[in-house]
Amino acid sequence: MEILKTYKLFIGGAFPRTESGRYYKLENKQKQVIANMCLSSRKDFRNAVVAARKAVEGWSGRAAFNRGQILYRIAEILEGRKAQFVAELLLQGSTKSSAEKEVRLAIDRCVYYSGWCDKYQQLFGSVNPVATSHFNFSVPEPTGVVCVIADENTSLLGLISAILPIIVGGNTCVVLASESKPLCSITFAEVLATSDLAAGVVNILTGTSKELHTHFASHMDVNAIIYCRENAAEIKAIAELSSMNVKRSFVWNKDWFKAENENPYLIMDVQEIKTTWHPIENIGVSGAKY
Amino acid sequence: MVLQIQSPTIDQVGVEERVARLMTRSIKKESKLEGLKLALNMIDLTTLEGKDTVGKVKQMCYKAQHLADDIAGLPTVAAVCVYVNHVKTAKRALVNSGIKIASVATAFPSGNSSRKVKIEETKMAVANGADEVDMVISRGEFLQGNYNFVFDEIAAIKEACGPARLKVILETGELSTLDNVRKASDIAIHAGADFIKTSTGKIQPAATMPVTLVMLQAIKDHYDATGIMIGMKPAGGISTSKSALNYLVMLYETLGEKWMSNEWFRFGASSLANDIILQLGKEKYGAYYSMNYISKD
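These protein sequence lines map, in sequence, to chains A and B. For the first sequence, the residue numbers in my numbering are 1 to 290. For the second sequence, the residue numbers in my numbering are 1001 to 1297.
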């Protein structure tokens, strides 16, 4: 007998059901039910933020190179489970060729961003000329907890393409998966759970943006919000609510199949620049400044 | 006269089932707000670390009086709880605040010292201005079956307390069984404890709901027999608003309304206050609140 998978949430490294006990039916093109998905509530979101906040210190404190290793590990595990992702995409209405392309791009993207982990700091950090006797330098640092309302049109690629630039830079995140194509998100969570990624760095919810976007934007303990869909009313509500608590908000409504939409500028959206003024002195007769 | 204390044996499965049932109660809206404010008002804000400094104690005393000034209508905590050598600092910092000062004494947390030293320490705490003394029982003697020793020690400390109220810490995490918890509770109550308290916070497990229920029941049995009220203080490990509300439900269901004030019930906690403020902040601002807006100590 074939065993069907129960799709649950991914919060703090565990796979709990929604605390609300609510579900929604996911149907294929033939109107057959293919899965019951958790309909996350604002309390699930709150719990996920608590888990993400807890994980910030550990994840941002890791060596950048080590973060790169872990991202590469995600690519390795994804590679091994390719067939499962392709099968899920087919189940959700993709054609065979587009499903294979989506999974291949997702794996490539992991490798791409794993390389950036210990490099973007040098590109975007700087030593600044100043008129006083100071060594003045600026470095990017993670903003903290970022929440994402992921792409609606893809099941895996949009989700991964939003998560990676966030965690590359030492942030942690809470992600709402595509409502109509949620299957790959929870299977991807299984990949994350076996990739040495610490609990809470990525938390994945399934449910509706309609219900959750205002809570995402108004939560005082979330540092940034990224919206990857095109609903103008929701974009406006998020911008307004985020301004109330000085949260960074971005709209990444992109075609994730395009190569131009993997780039280090996305990393920088969720980085803060810290500038340090370090007093210097002329040392001895050498003329060395610091 | 030989005092005979007969403690009933405890049905552990029954206690756990009762606790599980009490934990399913859901408290929402206005009742939740009232419950949280009451819990806040029952907190003994505590710092009991080797690294405590005068500055840390002063900061905590300030926090005790100004939990969150942007939220109107908040009560203060019930008391601050410090080591003996910080009582004077706390006394000065809390003058005219109505907040009590509790001092741990009797070779806290182990309780391993001579009775003479313990009595001296207790007297010093009271002389320095402590309103309440939190003593630990000698768990070693208790586990060896020297119940008279434990009884006499508590009685002696109670005498040394004078006007200060005495809280007796059973350190239930070291007592192994609920039967022992009940026996130690009965001994402490009969020896003159004004409060019985679960734990020092230094030993895991600290306060748990089953242990607290057994102690509340001991208080109830004593009240039913004598009409004398004894206070209860679970301490250690209660860090969320939700669990604080669970304790309040259990208190109400076991001892009733008379005990629902900080005169008779306390939470020994250091981080619970912040979690409650987070919840009250959410009620005030309508959005989930952040630790960024609250002092950590």
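Errors might be hidden in some of the hints.
[Unchecked claim] Derived DSSO-like pairs (lysine-lysine); straight-line CA-CA distance at most 30 Å: (1) A:K54 - B:K1032; (2) B:K1032 - B:K1220; (3) A:K43 - B:K1296.
Treat the hints as calculated values from the structure; they're not laboratory data.
Legend entry - 30 Å Cα cutoff - pair K43 (chain A), K1296 (chain B): Given pair K43 (chain A), K1296 (chain B) holds - Cα atoms ~24 Å apart, limit 30 Å.
Legend entry - Proposed proximity, K1032 (chain B) with K54 (chain A) (alpha carbon, max 30 Å): 26 Å, holds
Inset, instruction - Starting from K1032 (chain B), check that the Cα of K1220 (chain B) is at most 30 Å away, please. - result: 25 Å, holds
Violated hints: none; the structure is consistent with every hint.
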